[in-house]
Amino acid sequence: MRKLWVLSLKEVLLTVRDVGALVMMLVTPLAITLVMAAAFGTGGTDAPLESIPVLLLNQDAGTMGQSLVDIFYSDALGDLVTPELVTDEAAARARVDDDDVAALVVIPMDFSARVFPLGALAQQMAGVDVTKMTSDTVLTAEQQFQLGMAFLQSQGLAMVDPVVVEVYASPDWRISSAVVKSIVSQGLEIINTQIAGTTNIMTRLAAAQSQADAPSGDFAQMGGAFQMDWGSDGVQTAELPIKLHITSSTGRRFSWLSYYASSLAVTFLMFAVTSGGRTLLAERRLGTLPRLLITPTPALAILLGKMGGIILTGVLQLCVLWGATSLIGAYWGAPLSVLLAIPIIVLCTSSLGALISAWARSPGQAGAIGAAITLIGSAFGGGFVLRWSLPLWVQYASFITPAGWGIEILGRLQAGQALGRVLPWLGGALALTAVYYGIALVGFRRQFE
Amino acid sequence: METTALVEVQNLYKRYTPDGLYAVADVSFEIHAGELFSLLGPNGAGKTTAISVISTLLQPTSGMVRVDGYDVQRDPMAVRRVIGVAPQELALYDDLTAHENLRFWGEMRGLHGAELQAEIAEKLALMELVDRAKDRVSTFSGGMKRRLNLAVGLLGRPKLLMLDEPTVAIDPQSRRYILDWVKKLREQGVTILYTTHYMEEAQELSDRIGIIDHGKLIALGTLDELTRLVGEHETLRLQLLQEGGGADLAAALQSVEGVIQASATDGEVLANVTSAEATLAAAIGTATGLGLGVRTIEIREPNLETVFLHLTGRALRD
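Residue numbers (our numbering), protein chains in the order written: chain A, 613 to 1061; chain B, 70 to 387.
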């Protein structure tokens, strides 16, 4: 164990003393991150906007909730969204968490009663569905009186404790969830107009009929109240007692700075680690590896020490980049989660370095192969463009290299996903690590023998 | 006098590919405790291959090698604990200091703590590198690197020290320093396996010498024993005025009476003769007959050069 540590520290020391390596590992990714962030700002982007999957949980017993649902099923939005009515809230939230759908819209149980208390009161007190009233509707004097009472009562309820419609959005469907939010907002505006219109019709109708039926003193008072609150010139809208609550399974907003900080860090980690793996071949050529092999140290320990040093260097590299980019405003995710993810990403990347150095014939060949794989892997994994804007098959193909796993994992943490939800991807990275190290060991055995 | 064999090599064969030529073929020798044993031979003779097998870096194709009683194939880790190697390449980390290199290699040999610190201080002093201990090896001269390379080989006080061509590509002063240092080690009783293609070094340092050529051990013994192989012969060395013509003269001398063997190299001709005095006139006459001028003539007592010429028909530097 002590020898492993000594071997690892030697690797770190040699890297730290190599100015060229430091420039490549730290300065270059930082500089490119700054350039990218300056070029793109902190906006967001997403996949093509069509058939956005959205879940609708309508818990409202009244008609207003259904009105909001109907908007999603309207012909105008037919190509844009693919709504699905659900009843199990927990299951629906889980589907958003799993990025199965862009968002979940939760319409609360008392939505209609709260958003349009007059409607509920009118139904309750006068037995009239005011949303279905027209100018031809005939009301009895009693109904007129009760409607007036209902109106007066509703005035005291409307603005108290606004009702919340929640849009629970997935961070990985950034634009899509913004579209859903916009649809809900517009839907609420339509409902607002609908409420205002209904109230206005009811007011005019009640007022007209009150004059015809020689109202009592109370009713005349009510007619005055109608005039005062609603005026007499057509539809008037008031601010709806609705609060649109946008929540996300992440709670994080996309940032180009954060994205490039982590994706470029992974890209340059690959450069550094494949270059580090190459030093094994260089040591063979320089004679230090043969000299190591004739010390009383098992060959496996030498290999592990060498890789340990490369991993330690990689962890330091990512931590420095994490710290440095955080200082300029990048967010990598919850610190503990990032701390766990970094060694796994580095371990995964080191397996590629080991694979290359185990099978390459010379340091030059290993360097060329390592650079090519790094560039291709990063391009596929989202090192240069937003990973989630790439076609799905490209995203899946990128999982053959550590870049795909690294950028996916850090992207999810960065979007605020909890560690538990990232574990499957960490497991995937470890599986790739096992496969690559397995193949590398065969090559190393051939080399050492 | 029968002494303990620290190294036993029996019928060693080594080739790198199944169908390739043998780099070492049927080599057998022993090295006794406290002895300085040299393997002498030209470049490519198989010296480094032999040392690589003994140091467990390479597996023998066949044959048996034991060091301190441990078989190199069956118990390589035990062998590695008792050997120290200074390879022909300068196997050092250029970006580490001399002290850091010694510390690293010492740790790899299983040293640590006060023992390691004491060894590092001792080796730095021994190699006169104390003043440069904190300098990176990349700033060292070739001779200093070679000395540090040797110091690393000595870490852990190995029972057997293997020095593979330790004086290659260094200045005469450093070479002298290293040869004197090897002599001191020998006086201290350190068992040394020394490989070289410099006849003078083997002659100056060795208790016993194995002459190796084309992978085969062609002679083995003390300097006296080896020179006796060529009997009472002497070596006639003719340095020519012209660059070319040496090969023609060597061929012509083969037919001169009293000349046993002749070989040309680098503008000079070496002739193994029964009596230099009796052959000298004929040799000069032959050169003149070929239109060649003789710059200097030297008559040498039998030495390893003579032995090699006698055994192979070639000069050691061919």
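Derived by calculation from the structure, the hints in this document are not laboratory data. For glycine and all other residues, C-beta sits at the position ideal for the given N, C-alpha and C. Please note: incorrect hints may appear among the correct ones.
Reference listing, derived: stretches of chain A covered by chain B, where coverage requires no fewer than 3 residues with Cβ under 8 Å from a Cβ of chain B [stated by the list, open to error]:
hint	region
1	626 to 640
2	671 to 680
3	976 to 985
Partner residues aside, some chain A positions facing chain B, computed with beta carbon under 8 Å [as the list claims (entries may be wrong)]:
hint	residue
4	614
5	615
6	618
7	1057
Quick rundown of the hints versus the structure:
1. 626 to 640: holds (count 3)
2. 671 to 680: Violated, because only 0 residues of the region 671 to 680 of chain A bring their Cβ atoms closer than 8 Å to Cβ atoms of chain B.
3. 976 to 985: violated (count 0)
4. 614: holds, 7 Å
5. 615: holds, 6 Å
6. 618: Hint on residue 618(A): holds, closest Cβ of chain B at ~4 Å, below 8 Å.
7. 1057: violated, 13 Å
Checked against the numbered hints given earlier, the structure breaks hints 2, 3 and 7 and satisfies all the rest.
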